[in-house]
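Chain by chain, the residues run as shown.
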Amino acid sequence: MPPFGLLHRRAWASLFGQLLRPSGLVCIGEVHFHSQGTRDLSPQQMVVREKILDMVIDCFKRHGAKRLDTPAFELKEMLTEKYGEDSGLIYDLKDQGGELLSLRYDLTVPFARYLAMNKVKRMKRYQVGKVWRRESPTIVQGRYREFCQCDFDIAGQFDPMIPDAECLKIMCEVLSGLQLGDFLIKVNDRRILDGILAVCAVPQSKFHAICSSIDKLDKIPWKDVRHEMVAKKGLAPEVADRIGDYVQRHGGVSLVEEMFQDSRLSQNKQALEGLGDLRLLFEYLTLFGIAEKISFDLSLARGLDYYTGVIYEAVLLQTPAQAEECLNVGSVAAGGRYDGLVGVFDPKGHTVPCVGLSIGVERIFAILEERMKTAGLKIRTTETQVFVATPQKNFLHERLKLISELWDAGIKAELLYKNNPKLLTQLHYCEHMGIPLVVIIGEQELKEGVIKLRSVASREEVAIKRENLVAEIQKKLSES
Amino acid sequence: MAERAALEELVRLQGERVRGLKQQKASAEQIEEEVAKLLKLKAQLGPDEGKQKFVLKTPKGTRDYSPRQMAVREKVFDVIISCFKRHGAEVIDTPVFELKETLTGKYGEDSKLIYDLKDQGGELLSLRYDLTVPFARYLAMNKLTNIKRYHIAKVYRRDNPAMTRGRYREFYQCDFDIAGQFDPMIPDAECLEIMCEILRSLQIGDFLVKVNDRRILDGMFAICGVPDSKFRTICSSVDKLDKVSWEEVKNEMVGEKGLAPEVADHIGDYVQQHGGISLVEQLLQDPELSQNKQALEGLGDLKLLFEYLTLFGIADKISFDLSLARGLDYYTGVIYEAVLLQTPVQAGEEPLGVGSVAAGGRYDGLVGMFDPKGRKVPCVGLSIGVERIFSIVEQRLEAELLYKKNPKLLNQLQYCEEAGIPLVAIIGEQELKDGVIKLRSVASREEVDVPREDLVEEIKRRTSQPFCIC
Numbered sequence: 001m002p003p004f005g006l007l008h009r010r011a012w013a014s015l016f017g018q019l020l021r022p023s024g025l026v027c028i029g030e031v032h033f034h035s036q037g038t039r040d041l042s043p044q045q046m047v048v049r050e051k052i053l054d055m056v057i058d059c060f061k062r063h064g065a066k067r068l069d070t071p072a073f074e075l076k077e078m079l080t081e082k083y084g085e086d087s088g089l090i091y092d093l094k095d096q097g098g099e100l101l102s103l104r105y106d107l108t109v110p111f112a113r114y115l116a117m118n119k120v121k122r123m124k125r126y127q128v129g130k131v132w133r134r135e136s137p138t139i140v141q142g143r144y145r146e147f148c149q150c151d152f153d154i155a156g157q158f159d160p161m162i163p164d165a166e167c168l169k170i171m172c173e174v175l176s177g178l179q180l181g182d183f184l185i186k187v188n189d190r191r192i193l194d195g196i197l198a199v200c201a202v203p204q205s206k207f208h209a210i211c212s213s214i215d216k217l218d219k220i221p222w223k224d225v226r227h228e229m230v231a232k233k234g235l236a237p238e239v240a241d242r243i244g245d246y247v248q249r250h251g252g253v254s255l256v257e258e259m260f261q262d263s264r265l266s267q268n269k270q271a272l273e274g275l276g277d278l279r280l281l282f283e284y285l286t287l288f289g290i291a292e293k294i295s296f297d298l299s300l301a302r303g304l305d306y307y308t309g310v311i312y313e314a315v316l317l318q319t320p321a322q323a324e325e326c327l328n329v330g331s332v333a334a335g336g337r338y339d340g341l342v343g344v345f346d347p348k349g350h351t352v353p354c355v356g357l358s359i360g361v362e363r364i365f366a367i368l369e370e371r372m373k374t375a376g377l378k379i380r381t382t383e384t385q386v387f388v389a390t391p392q393k394n395f396l397h398e399r400l401k402l403i404s405e406l407w408d409a410g411i412k413a414e415l416l417y418k419n420n421p422k423l424l425t426q427l428h429y430c431e432h433m434g435i436p437l438v439v440i441i442g443e444q445e446l447k448e449g450v451i452k453l454r455s456v457a458s459r460e461e462v463a464i465k466r467e468n469l470v471a472e473i474q475k476k477l478s479e480s
Numbered sequence: 001m002a003e004r005a006a007l008e009e010l011v012r013l014q015g016e017r018v019r020g021l022k023q024q025k026a027s028a029e030q031i032e033e034e035v036a037k038l039l040k041l042k043a044q045l046g047p048d049e050g051k052q053k054f055v056l057k058t059p060k061g062t063r064d065y066s067p068r069q070m071a072v073r074e075k076v077f078d079v080i081i082s083c084f085k086r087h088g089a090e091v092i093d094t095p096v097f098e099l100k101e102t103l104t105g106k107y108g109e110d111s112k113l114i115y116d117l118k119d120q121g122g123e124l125l126s127l128r129y130d131l132t133v134p135f136a137r138y139l140a141m142n143k144l145t146n147i148k149r150y151h152i153a154k155v156y157r158r159d160n161p162a163m164t165r166g167r168y169r170e171f172y173q174c175d176f177d178i179a180g181q182f183d184p185m186i187p188d189a190e191c192l193e194i195m196c197e198i199l200r201s202l203q204i205g206d207f208l209v210k211v212n213d214r215r216i217l218d219g220m221f222a223i224c225g226v227p228d229s230k231f232r233t234i235c236s237s238v239d240k241l242d243k244v245s246w247e248e249v250k251n252e253m254v255g256e257k258g259l260a261p262e263v264a265d266h267i268g269d270y271v272q273q274h275g276g277i278s279l280v281e282q283l284l285q286d287p288e289l290s291q292n293k294q295a296l297e298g299l300g301d302l303k304l305l306f307e308y309l310t311l312f313g314i315a316d317k318i319s320f321d322l323s324l325a326r327g328l329d330y331y332t333g334v335i336y337e338a339v340l341l342q343t344p345v346q347a348g349e350e351p352l353g354v355g356s357v358a359a360g361g362r363y364d365g366l367v368g369m370f371d372p373k374g375r376k377v378p379c380v381g382l383s384i385g386v387e388r389i390f391s392i393v394e395q396r397l398e399a400e401l402l403y404k405k406n407p408k409l410l411n412q413l414q415y416c417e418e419a420g421i422p423l424v425a426i427i428g429e430q431e432l433k434d435g436v437i438k439l440r441s442v443a444s445r446e447e448v449d450v451p452r453e454d455l456v457e458e459i460k461r462r463t464s465q466p467f468c469i470c
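Sequence lines, in order, name chains A and B.
With full-length UniProt numbering, letter number 253 in the first sequence gets 253, and the count goes up by one each step, no holes.
With full-length UniProt numbering, letter number 129 in the second sequence gets 129, and the count goes up by one each step, no holes.
Note that these hints are calculated values from the structure, not bench results.
Check the hints yourself; a few may be wrong.
What the simulated footprint calls covered on chain B by chain A, stretch by stretch (three residues with Cβ under 8 Å from a Cβ of chain A suffice, anywhere in the stretch; the number is not a length) [said to hold, decoys possible]: (1) 79-87; (2) 111-121; (3) 170-182; (4) 227-237.
Part of the chain A face toward chain B, derived, beta carbon under 8 Å [as the list claims (entries may be wrong)]: (5) M46; (6) H63; (7) K66; (8) P71; (9) A72; (10) L75; (11) E146; (12) Q149; (13) D194; (14) E238; (15) L400; (16) S404; (17) K422.
Cross-link-like lysine-lysine pairs, in silico, DSSO-like; alpha carbons within 30 Å at most [to be verified]: (18) B:K433 with A:K169; (19) A:K476 with B:K460; (20) B:K293 with A:K418; (21) B:K250 with B:K376; (22) A:K475 with B:K75.
Just so it is clear, CB atoms sit at the ideal spot from N, CA and C, and this is done for glycine as well.
Work out the full structure: start from the sequences and follow the hints.
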């Protein structure tokens, strides 16, 4: 058993493939592995994925969102300079003499492009689709180079914090509905962060670099973060210490009030705006009944460049058992307000304020998949209701006629692609695939004008008249 | 400054030259040479300094799906998926890109239409061109010997897009395939049954499924005296018979592809024929064709196929058509293509013209190309061309989304009527005081006060009624 315990065969094989084969080597006579950081989804995995997506989409629809879809790639120039440091992780398409293209890195930038392109001022949309990032994949944590995102966004000029609050409500509904266990949503605000950096006298040019250090506080201790800021990013030690006084703090709405009273921060206009909005947000979240899931966390600094206001990130709170499994997946959902992005695309610079969230289904998928494996749950991968069988030879034509009747009536049915299959083989197939009913036809049945209808589980058989076949089956199916 | 302008002009001209060559279908080497020149020129221009002026658009041959188009798409997928599930298929998913070597050598002439990813220091990758090759790779990789699966996903082809006719560079395919060694023609018949069920359920008009067999085509060419080396190229000429006349096809074969006129005539005797099972019987009696082992195999399988299709009740939708020659290289047996006989045209609409809406066939050798020991897994499948179907359904459905800016109650109610929302829950000061919610049926305009705590129950009750007559 490999030490990690969780890697299934394919992931292992892929890792070995990377270790043993230098890139670019053409393998002759070898089974071709996946491209690094991607994977197929088997039928069992697809069932789990579709359950998750159905649940997420139901929630989005419940909140009145309409679905949008955009192409897998955009003009390269659309994606340039939207992702800051992460821009190096974008997959480019080869220049084949036409437009320069890149695979989309998220669903937010395409959304902003869509709004600007179609001059839409208001929209509540959701989008479910794959995105691509050339990160170093860590398969154990469910992080791939190709992965699925579920985004929900509200675009438009509205009264403050109502849509923002709805986004957080949606995140809570989704995470609760997926029954992943206890979770926490960290909330912060870009303006508060910028305000803190300003009052701590961080040079403007270092803002982004320092933010990305602060963001690591959820994974590494303060002294390591401080060291990075001072030693690697050239920050004065006193400045780092001042930052530390703020960013290690988290709490509820009382922390918001405290920050309002902070002598330095309250001098900063930006920070005050951010704090005011957070105060309003907490009011609404209390009305939504979710305030106890929300933590105002001053260390939340989130990578992407385009956020302008509130930012949030949901993390699962692990039980000790989960921590042992090393299944630390990081955040499972995140988002924020980004008021300036559409303006970057609009030819006249008109902007449309936006706020949204993204559910990281891959990580959720990894957790649920693991859980099902541990529980030894068997998942049906087909929905077949009836199997058409015969104990005798030379009954293919009868089986084909029968199954055609069933399909015409909308009944989900299968038969073996064999001229003369053995009855036992057919019954084993039913048991293996979880098919509940079998219809059996043979010489005797043909003579008597009946079909045997058999329950696979109970093995009870009953003879029914041929002309009542469909009706009887439908009755039987509705009973179960 | 002037230097740069001159350089930009050179780039523009070279770009047009490349486009021109592609349109004329010049040789691959020539095109590559000119593309290289273009890239060199572009490189001289250097990085774009200053303002980013770009055109706000999706890449050529791609499009966004608006909410309205998504609604159409979901309706169509629902029909297709429920049919696939009715036939017991599992579903899989594969990555959008494959190792370049996986796709190499699988698509014949069409290989130049594959999108490559830039070499960024890792593996060489390409965007998938269809869902069949990834499926074969999946089977080989997992050493599967049988599976019945469907897969719905986008594929990518650097084709000449004709968006008005539903031809894009990024488009959906809905594939259903049966892999495994089975008794002959049963899975093949089921594929045709599925195609018919789907096209019927979508109600996009009357259709016909043309059927042929690679072995019959190859056998026919052999007895007509077509040189082996010309088989594929003559196939692609024959395939055009659904769009152009026999005269034109013959001219292309003789004039452009160097086929002897008598050979062309001989081919013409066969490929202009189509019919039902009687044509199969007729050809089995054909003095020349019956001497060819391949053709006999193909004809024998078609005869069996027609038997099964008759039992399924769909034989009247199937036409054995000797001109069906379908592009892709990997078919080894039966091939089929569904065409709409007449796209329904409503007042003021542009007819979309005839074209195929679904196709497929048997491909027994593909998995063996991926398996290290060359182990074969026979496969047969079909692909639904949904983009064309979307266009047709879109033209028929009327859906309107309204966004109102004014929160006035009247406007909110109008929004509901137009959007088809059946119920409105209204709360105002009075309702708050009384501890009720006013529940209003949009259709009947009747209002009733519902106690706050009973609201959810009442809504559930009303919306569970048939046709949601709330």
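Structure-based check of all given hints:
{"no.": "1", "hint": "79-87", "verdict": "holds (count 3)"}
{"no.": "2", "hint": "111-121", "verdict": "holds (count 7)"}
{"no.": "3", "hint": "170-182", "verdict": "holds (count 4)"}
{"no.": "4", "hint": "227-237", "verdict": "violated (count 0)"}
{"no.": "5", "hint": "M46", "verdict": "holds, 5 Å"}
{"no.": "6", "hint": "H63", "verdict": "violated, 14 Å"}
{"no.": "7", "hint": "K66", "verdict": "holds, 4 Å"}
{"no.": "8", "hint": "P71", "verdict": "holds, 4 Å"}
{"no.": "9", "hint": "A72", "verdict": "holds, 6 Å"}
{"no.": "10", "hint": "L75", "verdict": "holds, 6 Å"}
{"no.": "11", "hint": "E146", "verdict": "holds, 5 Å"}
{"no.": "12", "hint": "Q149", "verdict": "violated, 14 Å"}
{"no.": "13", "hint": "D194", "verdict": "violated, 25 Å"}
{"no.": "14", "hint": "E238", "verdict": "violated, 40 Å"}
{"no.": "15", "hint": "L400", "verdict": "holds, 4 Å"}
{"no.": "16", "hint": "S404", "verdict": "holds, 5 Å"}
{"no.": "17", "hint": "K422", "verdict": "violated, 13 Å"}
{"no.": "18", "hint": "B:K433 with A:K169", "verdict": "holds, 26 Å"}
{"no.": "19", "hint": "A:K476 with B:K460", "verdict": "holds, 28 Å"}
{"no.": "20", "hint": "B:K293 with A:K418", "verdict": "holds, 25 Å"}
{"no.": "21", "hint": "B:K250 with B:K376", "verdict": "violated, 37 Å"}
{"no.": "22", "hint": "A:K475 with B:K75", "verdict": "holds, 28 Å"}
Of the hints listed earlier, those the structure fails to meet are numbers 4, 6, 12, 13, 14, 17, 21, in rising order.
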